[in-house]
Every structure is written in structure tokens, then in C-alpha cells.
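For chain U, the structure is supplied; the task is to place chain Z on it using the hints.
These protein sequence lines map, in sequence, to chains U and Z. Using this note's numbering, the first residue of the first sequence is number 1, and each one after it goes up by one. Using this note's numbering, the first residue of the second sequence is number 1001, and each one after it goes up by one.
Derived by calculation from the structure, the hints in this document are not laboratory data. There's no promise every hint is true.
Okay, derived cross-link-like pairs now, SDA-like style, lysine to any residue, Cα gap no bigger than 25 Å in a straight line [to be verified]:
#	chain 1	residue 1	chain 2	residue 2
1	Z	K1227	U	P49
2	Z	K1227	U	R81
3	Z	K1187	Z	S1102
4	U	K279	Z	F1004
5	Z	K1077	Z	D1047
6	Z	K1227	U	P54
7	Z	K1198	Z	D1183
8	Z	K1190	Z	M1122
9	Z	K1069	U	N266
10	U	K30	Z	S1044
11	Z	K1141	Z	S1063
12	Z	K1227	U	M48
13	U	K36	Z	F1045
14	Z	K1024	U	N266
15	Z	K1070	U	L202
16	U	K88	Z	M1001
17	U	K36	Z	I1006
18	Z	K1071	Z	M1204
19	U	K30	Z	P1008
20	Z	K1033	U	D25
21	Z	K1030	U	N266
22	U	K279	Z	S1044
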Amino acid sequence: MIDLSVNFAGLKLKNPVILASGVWDLPYTKIIDFEKLGGVIYKSLSLMPREGNPPPRITEIPCGVINSIGLANKGIKIFNREVLPELKELGTEVFLNIFGESIEEFSKISSLIRDVSGIEVNISCPNVEKGGVYFGRDPETAYQVTKAVCENTDLPVIVKLTPAASDIVVVAEACQEAGACAITAVNTFPGLVIDIDSGKPLFERVVGGVSGPAIKPLALYKVYEVSSNVGIPVIGSGGIGNYEDVLEYFFAGAMAIQLGSVIFTNPLAPIEIIDNITKYAKEKGYSNLKEIRRCVDE
Amino acid sequence: MVTFRILPVIENRVLGPYTLLRIKDRNMHKEAKCGQFVMVGFPSFLDPFLLRPLSFLSIAEDSFSLLIKKKGRGTEKLSELSVGDELKILGPLGRYIIPPKSGILIAGGIGIAPLYYQSLWMSHGILFYGAKKKRDILFSKDFESRGFTVKTITEEGRGTVADLVRENLEILEGQQIFICGPDAMTKALKDIIGGYAKQAFVYMERRMGCGLGGCKSCAVKTDSGYKLVCQDGPVFPLKEVSYD
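Same shape as in the complex, but just chain U (with noise of 0.2 Å):
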């Protein structure tokens, strides 16, 4: 019996495999069995409803996608009422994302989540006008908003960053002195695609963030840059698309791993590279994770 189970914040995961916000909801139910996650993060959520931004959202580039979602959800007074009773049946440790616009907002939201495993705060969203990418970037701000986050919830409480910071470790570092007990590593990259029959940016907002593949060894120097530097445990996510890809991630430091737009290409992935962790550890003779991730630990 091979045990991939992760310690964290008092937290238990039965593996290190999570899925991402902002990629799945409740349909997946349909065709993954989250029972087998390690955890779930769930979509971005705000004080208030949001629209999001105008189509198109999304479009492929090579090796991945770019979108501008805007940070489409009910808001938190709803997702409390109609969708965390359902979230709580999944059978694995639920996470939510929540973004504000204002350090008052993530203080707000905040002290409304409750019946979940964690938080996991967004500072890093390229995809909106105000917070988002603008807080993740300076690590002052970054500081002051984990702070608010965890003056006002008992949760543990993770730190999604940006890779767009000028020195994420400065970043990271803020997080940590703030009270965060981990940090995910990293959100989208903003970038740019122009439609050429029109000359102009694809998306109304001009900036997208770009995932899947194609920013996988970008994001692997960023996990590998926090996690060499900072004392709290990094959550690696960016591009993951397979077993290989995951150990690269735990080589590079990471605790635990998020799968993003992996879903979108092959809804089984998660299942599947938890599968090919285990039969991979069988054939090394490993029998948990630590043994996995001696070379980092060594």
C-alpha cells in the first residue's frame, strides 16, 4: 500500500493531487471521481456577484489557452446557500478561492466562509480592473491582504501568486510574516493574443492569462524560486499534464500540485496521474510521498 497522503496546516490530504480554481464546478461531478482527489479549490468567489467579462473568454494558443474570464461567480452570500451543501458531499477537502477588490472586501468575505478545509486567496487574476494582479504584485499590499484574511477566520489560509511579480519571493516571504500557511505557485501568466482580421486584441481587456503547457517550465522556476527561499509549503501548479510533470513539480519543491487546464484537454487526467504516482512508486519501492520527494528533502 503505497501512501500519498500530505500534511499541512493541520490538514490531512489523501494526496497531493488538487484541483484548481477556476476550471471546474459541479458537473465534473459527472466524470471525475473526486473522492480520489487530494482536494478541490473552487472558483473564485466575491462579496458580490460578478458578470465577468464580455466573449470571447477563451481561445487555444500552442500548447495551451488564454483567457479572460473576469471572475465570473454568484458571489458568497449565494454560493453559501446553494452550492457549498453540495461542495460538502464531494468527499475531499474543499478549498475556496475568494478574490476583493479592496483589502476591506477580502476582510468581509472572509469572515463568511465557513464548513470548508481552507482558503485560498487570489492576488494574482490578471483578468480584472481592480485587486487581482495589482495586490499580488507588491508585496506590501500582498501583506496587508493575507493579514485581513487572517485576522478574520480561524481557516487555514493559502496565498495564490502571481507570476508577474517582479521578485515573487519578496512576495512569498510577505505572505508568510502575514500568517499565510502555504502558497500556491502560480496563477496565469498575462498575455496578449491579437485577432488579425481586426488588428486588435482578441480580448475587450486586452490582458489574458495564459495556462497549460506552454508555461510549465515558466511556472516549475517560479515554484522552484519560492520554495528554495520561503519556510511554508508551496502548492506548484502551471501546465501540469501528466505523472512526469508532477515530479518535476515535487523535485522543484513543491508539496502538493494543482491541475488547471489539464481538464479541459483530458477530464480524467487527475485520476489518471494519481493512478501513475502510485504505479511509480511501486516500481522505485517507495512507499510515501516523502520518499517520493527525499531528493529535495535530502
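Just chain Z, lined up with the frame of chain U:
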């Protein structure tokens, strides 16, 4: 039940300006209902990355067919597939509709695909069908043999399908109407058919990420805010869709 499977192509046939792909599958006919669609992708994980949302053209006991219009990298690659090549198929997806026994179908170009599939669930009706060129008009005899009156128009000839409908407005009286075509066409039709829009439904297409309501990409503007093609559609009441 929604499934994700790797399935083989068993036929690739040129059909006018399009390609008909037939995919071997003994389950889809048990699962899919009128109005639904599938996401289709290539086995390689890297590129092209996303699956493509495609309407059913028809479903048999041993296979289902899709009609492909070359529009970009993905559809071009799909058109070039050989018998035996494999595809990733996620579906059936979307909200199904219960089609009327008889009604009006209005198709523009490749918009004929889901309406052809819908017609297989109907006993008779009228098809208004517009395309760029005469060779683009498909299935006319097929529709007629199944009790449909077919009225066609081409842009190289007399005009657009909107013109055709304008000339025949009185036929719409008391009928359910189903429309599929480019946004510009459905927008023009909404204005032209006026009060009949109350009885009209439109098949929408948007750039899609997941097909399962996860990514919130395929947004359509409606009177009550954005809705998702994959989850709330693909068929929407025409009166609700906002073309501003």
C-alpha cells in the same frame, strides 16, 4: 451519462464545402438527446490543446456523425483525419430540448448540422436554408423525403436566409421556430420575425474551454445576464439573447 472516451474515425467524406466525420460508438445513440453536442479533440495532450464543441449531425446504433467546416487549426486537422485515426470524445453535453413534431427550421451555412439532427426527431416541417453558394446547400432531397418543405437561397443568387424568411413571414404563424447560423444572421432574424420571436429558439456557438460549466468561457449575453452555452444552452429562447 457523460463519458470521456477515445474513439476511432470510421469514415471521412467530403460533403460540399464540409467534411463529414463518422465516429464508431455503440453508446451515443442511447445517451444523446436532441439539442446536445460533443467536445472533440486529438489524442496528443499538447497541441491542439482544447477540445472543440461540435453538434451531432446524426447518430446511428454503431456510430455518430459530425459535420466539420474548416475554420482554424483544429477543424483543419479534423478534416484531414483518416479512417482508423482516434479522437477524444466528451459527451453528450448541454441541455437537451424536446423538439416539436412539426415546426420551422432556419439554417445558415454550417448551421444546418444541428438542425438536420433535430429534424430526425420531427415528422415534418419547413426548412429555410441559406448558404454562400449553391454547392454549399446539402441534404435538400433528404429533408424533402422526410416530409419537410425546403426553401433555399444563396448569397451568390438572391440573398440571405433573412431575406427568404422576410418573404415568407406568414408561414411562421403558430409554429415553433429553431434557428442556427452566424450571430449576424440570427440577430437580423430576431428583428425581422418580430412578434414570432416569442416562439423561436436559437442554437448558439461560442469559444468553449471545458464543455462542463467549469471554466465559464462560453458566455452568451442574455436579458438576465451572461449564460453559458455548454450548461444553459446550446439552445436558447431567441427573445432572451441580447445582440447589443
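We went through each hint and held it up to the structure:
The hinted pair formed by K1227(Z) and P49(U) meets the criterion: a straight-line CA distance of about 14 Å does not exceed 25 Å. With a C-alpha separation of about 20 Å, the suggested pairing of K1227(Z) with R81(U) holds against the 25 Å cut-off. Note on K1187(Z) and S1102(Z): the hinted pairing holds, with a Cα-Cα distance of about 24 Å set against a maximum of 25 Å. Between K279(U) and F1004(Z) the alpha-carbon distance is near 22 Å, which keeps this suggested pair within the 25 Å criterion.
Between K1077(Z) and D1047(Z), the direct Cα distance comes to roughly 11 Å. Compliance with the 25 Å bound is thereby established for this hinted pair. Distance restraint check for K1227(Z) and P54(U): the Cα-Cα separation of roughly 11 Å lies within the 25 Å cut-off, and the hinted pair is therefore satisfied. This hinted pair checks out: K1198(Z) and D1183(Z) have alpha carbons roughly 18 Å apart, not beyond 25 Å. Between K1190(Z) and M1122(Z), the direct Cα distance comes to roughly 23 Å. Compliance with the 25 Å bound is thereby established for this hinted pair.
Annotation: proposed proximity of K1069(Z) to N266(U) holds, straight-line Cα distance about 24 Å (limit 25 Å). For a cut-off of 25 Å, the pair hint linking K30(U) to S1044(Z) stands: about 23 Å separates their Cα positions. For the proposed pair K1141(Z) and S1063(Z), the alpha carbon gap of about 23 Å is at most 25 Å, so the pair holds. A threshold of 25 Å between alpha carbons decides the hint, and for K1227(Z) with M48(U) the separation of about 18 Å falls inside it, so the pair holds.
The suggested pairing of K36(U) with F1045(Z) holds, with an alpha-carbon distance near 22 Å, which does not exceed 25 Å. Only pairs whose Cα atoms come within 25 Å are accepted, and K1024(Z) paired with N266(U) is accepted, the gap being roughly 20 Å. Distance hint between K1070(Z) and L202(U) is fulfilled; the C-alpha atoms sit about 20 Å from each other, no more than 25 Å. A distance of roughly 23 Å separates the Cα atoms of K88(U) and M1001(Z); the hinted pair therefore holds under the 25 Å criterion.
For the proposed pair K36(U) and I1006(Z), the alpha carbon gap of about 22 Å is at most 25 Å, so the pair holds. The straight-line distance between the Cα atoms of K1071(Z) and M1204(Z) is roughly 17 Å, inside the 25 Å bound, and the hint therefore holds. Only pairs whose Cα atoms come within 25 Å are accepted, and K30(U) paired with P1008(Z) is accepted, the gap being roughly 23 Å. Restraint check for K1033(Z) and D25(U): the C-alpha separation of about 23 Å stays at or below 25 Å, so the hint holds.
For a cut-off of 25 Å, the pair hint linking K1030(Z) to N266(U) stands: about 23 Å separates their Cα positions. A distance of roughly 22 Å separates the Cα atoms of K279(U) and S1044(Z); the hinted pair therefore holds under the 25 Å criterion.
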